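Engineer: Quick mapping for you: the protein sequence lines, in order, are chains Y and C. My numbering applies: residue 1 is where the first sequence begins, and numbers increase by one. My numbering applies: residue 1 is where the second sequence begins, and numbers increase by one.
Hints are computed from structural coordinates only; laboratory data are not their basis. Any given hint might turn out to be false.
[What the hints assert, rightly or not] Here are a few chain Y residues that sit away from chain C, every Cβ distance over 12 Å (derived from the structure):
hint, residue
1, 5
2, 7
3, 64
4, 126
5, 138
[Claimed, not checked] Rough simulated footprint, nothing fancy, chain C against chain Y, three-plus residues with beta-carbon under 8 Å:
hint, stretch
6, 74-80
7, 88-99
8, 142-152
Since this is a predicted model, take the numbers as computed values, not measurements. C-beta atoms are modelled at their ideal positions from N, C-alpha and C, and glycine is treated no differently.
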Amino acid sequence: MRADIMKKMKDAISNVLETMFFLPTEILDRDISLQQWLAHEKALLGSQIRFLGSLSGSTYLLVPEEVAGEITANFLGLGEGEVTEEQKKDTVKEAINMIGGQLLSLLDSEGAFRLGIPELMDEGELGVERLGELEGDVLFIETESNHLAAGIRVG
Amino acid sequence: MAFNVLIVDDSSSMRAVIKKTIRVSGFNVGQYLEASNGAEALEVLSREWVDLVLTDINMPRMDGLELVREMKNDELFRSIPVVMVTTEGSETRVKESMELGARGYIKKPFKPQQIKAMLGDIMGEGEYESGYYEKDEGCDF
């Protein structure tokens with residue numbers, strides 16, 4: 001079950017980032033922890049969404065500021081210099097909304113699940129200690145210039 | 001013929017992307033109107049001429065399903081076609097929205113061809129059969 005969830009999570013992330021954000025991605029196979037990854041990342045934007053149904057839990061996305069600017073520019077068809085902080089936050093929330101929806105429909109297309117409203121993770125939640133405490137599985141996604149992290153907590 | 005389109009989504013970025021996608025698709029739009037939830041959409045409907053509504057499902061204050069329900073209970077709005085544009089792709093949600101009276105369903109992530117096929121078909125200006133689109137065809141914004 002866990003392997004199946006992670007396989008579908010990879011599919012959902014690739015599909016959403018490539019289709020809506022024009023961001024070629026590769027999922028890293030290297031075995032690193034979230035804390036090790038965080039040691040190399042500085043400013044992050046994070047979003048999460050809860051889901052309830054035949055599967056319940058939450059999924060989250062951690063995006064370095066630089067990548068947030070890139071995906072927002074791609075999403076809105078703007079130059080990177082034209083993108084505002086609010087647009088970056090809105091885009092990172094919309095990304096987890098789409099990833100969550102896509103993941104759940106891949107896992108259980110007939111399931112009566114409900115997605116919550118996507119939320120931005122606040123500064124406290126984005127602290128290294130708090131993030132290091134996140135349970136569940138995490139994936140690292142390689143883009144041309146940087147890395148993103150996405151995780152899921154079920155149950 | 002140009003149609004007035006109301007886009008309902010709590011994400012301003014997503015509203016901008018839907019607008020851009022419709023523009024790229026070549027669907028003929030007279031005026032774009034926007035609302036960030038179902039309640040705001042009803043306010044827009046009460047003061048503007050709207051030919052077509054595209055709405056997200058999952059929104060605060062009033063969600064897309066409730067918006068469809070309210071529109072179908074109002075004799076002024078009940079004939080306006082509604083298309084759900086949402087991340088929630090489960091069969092249950094699709095069935096629920098269609099039973100309430102939605103005319104179509106587009107799942108995010110989407111491509112301009114899907115939007116054009118769906119809107120053209122619903123507004124009687126389709127050059128594609130409903131649901132037909134080249135899934136792997138790229139798009140140029």
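Engineer: Would you mind marking each hint as holding or not holding in the structure?
Structural biologist: Hints and how they fare:
At roughly 16 Å, the least C-beta separation between residue 5 (chain Y) and chain C is larger than 12 Å, which holds for a residue marked as non-interface. Separation of residue 7 (chain Y) from chain C is adequate, the least Cβ-Cβ distance of about 18 Å exceeding the 12 Å criterion. A cut-off of 12 Å between C-beta atoms confirms that residue 64 (chain Y) is not in contact with chain C; the least separation is 19 Å. Its beta-carbon lying about 20 Å from the closest one in chain C, residue 126 (chain Y) satisfies the requirement of being farther than 12 Å from that chain.
Residue 138 (chain Y), annotated as away from the interface, keeps every beta carbon of chain C farther than 12 Å; the closest lies near 21 Å. For the stretch 74-80 of chain Y, the stated coverage by chain C is satisfied: 3 residues place a CB nearer than 8 Å to a CB of that chain, which reaches the threshold of 3. Residues of the stretch 88-99 of chain Y lying with their CB closer than 8 Å to a CB of chain C number 6, which satisfies the three-residue condition for coverage. Only residues whose C-beta sits within less than 8 Å of a C-beta in chain C count toward coverage, and the stretch 142-152 of chain Y has 0 of them, not enough to reach three; the restraint is violated.
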